[in-house]
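2 protein chains.
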Amino acid sequence: MTHVLSRRNILSAAMGVAGAAVVERASADSLADVPERGPGNPLTATSERSEFVHIARLPESTPGIRHVDPSRAINSKAPLDKLVGTITPADLHYERSHAGVPEIDPAKHRLLVHGMVQKNLVLTMDDILAMPSISRIAFLECTGNGWENWKSAPSDVTVQNTHGLISTNEWTGVPLSFLVDLVGVDPASTWMLAEGGDGSAVARSIPLTDEILSEGILAHGQNGEPLRPAHGFPLRLFLPGFEGNLNIKWLRRLKFGTRPFMTRWETARYTQLQADGSARQFQLHQDVNSVITSPSGMMEIRLGYTRITGLAWSGHGRIVRVEISTDGAKTWRDAVISAPALPKAQTRFQADWVWDGAPTKIVSRSTDEKGNVQPDRASFIAARNTNALFHKKKIDAAGKVRNVLA
Amino acid sequence: MTHVLSRRNILSAAMGVAGAAVVERASADSLADVPERGPGNPLTATSERSEFVHIARLPESTPGIRHVDPSRAINSKAPLDKLVGTITPADLHYERSHAGVPEIDPAKHRLLVHGMVQKNLVLTMDDILAMPSISRIAFLECTGNGWENWKSAPSDVTVQNTHGLISTNEWTGVPLSFLVDLVGVDPASTWMLAEGGDGSAVARSIPLTDEILSEGILAHGQNGEPLRPAHGFPLRLFLPGFEGNLNIKWLRRLKFGTRPFMTRWETARYTQLQADGSARQFQLHQDVNSVITSPSGMMEIRLGYTRITGLAWSGHGRIVRVEISTDGAKTWRDAVISAPALPKAQTRFQADWVWDGAPTKIVSRSTDEKGNVQPDRASFIAARNTNALFHKKKIDAAGKVRNVLA
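Residue numbers (our numbering), protein chains in the order written: chain A, 1 to 406; chain B, 407 to 812.
Bear in mind the hints are in silico, worked out from the structure with no lab data behind them. Wrong hints could be hidden among the right ones.
Mimicking SDA-like on lysine to any residue, the simulated pairs with C-alpha atoms at most 20 angstroms apart in a straight line are [to be verified]: (1) A:K82 x B:D532; (2) A:K82 x B:T452; (3) A:K255 x A:E211; (4) B:K767 x B:P560.
Excised from the complex, chain A in its bound form:
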């Protein structure tokens, strides 16, 4: 079902219409208004954005308070509506912190490794930077991406508001497995506590599964350079595909044991209340999901050809299929997935659409390599609980696009 973007796919029947529309508009233009060429600005030590480009994260508070005093923001959302491709610029990677961003001197930072190990170690950043490293392009998603809209969906939210707590970067660091071998973790150890060095000292218990041992990274690099403070400088845990909260920033301690440590962050927080009153703990993997980023909430489309584009992802592996519906989930067709679809990374999809001017709803649905299919709201609620987020884009007769729940 995977459609790799190819010339033949591009030249679909819809693109015949699109092509004609472009040709008609384009031939009417003239070059009269094109500015003269002249000497430009000097070369610099860093490339700034164009003055004509306005792209930024959106600091927000809870629950659903979008226009907030930045000093009180607890998250800052990535501009999914304006991003292209799959990589998120490091300075626009979403943020979610519980006590703000510490400014840590790497020379003073230490990582304590203790518990069921042959030898307790206190590592400096020099020690860590001298170790072998691997790199991985993968997404990170806040455990609660979209959560503040689960009860209702204000009509004027953008996709940045609804889904902006996800980003994809290239993460570089020491394989967790290397450190485990280095300190001589007892084979009987099955859980690891990871603790952060910010004021909230977030600490989570992480099961030492094969997947976590083989893919976990003690990350010090982000998109080719050192982590930024907002994302954990100088060191964070990065577990591809696992819930955001486990990916401890400003990592300062790893303790090895045989059972979960039951910190407040996995008992009082980060659990999901079930219908029977019990709580689901240790969600672990981020589930298969997707979202249309354009056209999306607060945009406007014109009659005729519109290119639908969006992002799909799964904490379980690669995305193998994305379907879209332009009739409110009555019928579905395959979108084109951009290659390569990397495992546990955001994957770009696109589809051609010719809008006939009638009000409708559009939505996407992704499938991963393990066969997991992005559920609709009804089936999810029946299977799990009521903390569920299901968004469609409603388009009215004037072409205005608004986010709507179910």
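Fit chain B to the given chain A structure using the hints.
Showing chain B alone in chain A's frame:
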């Protein structure tokens, strides 16, 4: 010959020594100096770099004038010595321009497409952004990367000085093949002129080979967001693996014809003088190459374990092998290549090394999937011409690392 980074590879005999060294150093440290945790800084619209991280491009002039008035710089080099992974941050992507950086209003920018086409078109950025797009992680390398050192190698240059005119980003844009089909390029057309909108109006003739038609991109995105002005905002040509100069920035015109247009940029410039007085034109592909980024010029190493790391790349496809020598090219062994080794993208390699304190020279050698092997200086000069750049790192008894030619 490809060694994918794995736990078994990491646990080499050398790492036994490295591990012991780390354990010995680490256990002596205490946590006494670790600062207290406290409230951090507010969340923001963009993540800044740490105040403790100093990473930037280096504006330079020619020939070999490294400390130059920035207003006179003609290139600005990427900090390869400080980068990790494979992605280059967009704001640190190397720059090379002939008349500075124009600040173009995308609303006024136009792309004229004419010549052997069914219909001349003038496209706006809105037209282009509505077209299908693809994304590609690939390197861009200045045709003359390293050129100013070809006659001599000052002893105090860094790898940023010697090889800094290369970077890797994710480029997003319209497939060239889509545009060719859209305008109805005459099948008899075999060459395309691409012209830029800066003060120097760089224009190059590009052969319409299968490779260029299938991989060329009219790029508007860079690492997930709009191009930066330094890199061609709002539109540039991106031809994965092809010499930097062909990748016209601030693209404003494409003209289709049947022969090279012989602009000054491919006759008076960007040709290589041969021993017999003729000039080699249309180099086209960037050849297979690699460089050790650490330890590199102006660094210092200590007795014992050092991790060698660097980057390898080829305009012909994937890197399949990287070898390193730590005895001045007398003997070679395989380094470990980080997966995935993407075609025409920079690929990271690493090797363990235990330095015994004796003066030596270290160097890397890469092989691509087409069987091309990075040549040494003697064989290259014999085969091509004297414009050749061959660097090794010389390490003296004190552990000081200096760049040296051949």
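Quiz item: Taking only the CA atoms, is the gap from K255 (chain A) to E211 (chain A) under or equal to 20 angstroms?
Solution: holds, 19 angstroms
Quiz item: Are the Cα atoms of K767 (chain B) and P560 (chain B) separated by 20 angstroms or less?
Solution: It holds: about 16 angstroms lies between the C-alpha atoms, which stays within 20 angstroms.
Practice problem: Sort out whether T452 (chain B) lies within 20 angstroms of K82 (chain A), counting only the CA atoms. | Solution: holds, 14 angstroms
Practice problem: Below or equal to 20 angstroms on CA atoms is what counts here, so check K82 (chain A) against D532 (chain B). | Solution: Holds, at about 14 angstroms.
Against the hints set out earlier in the document, no violation occurs for any number.
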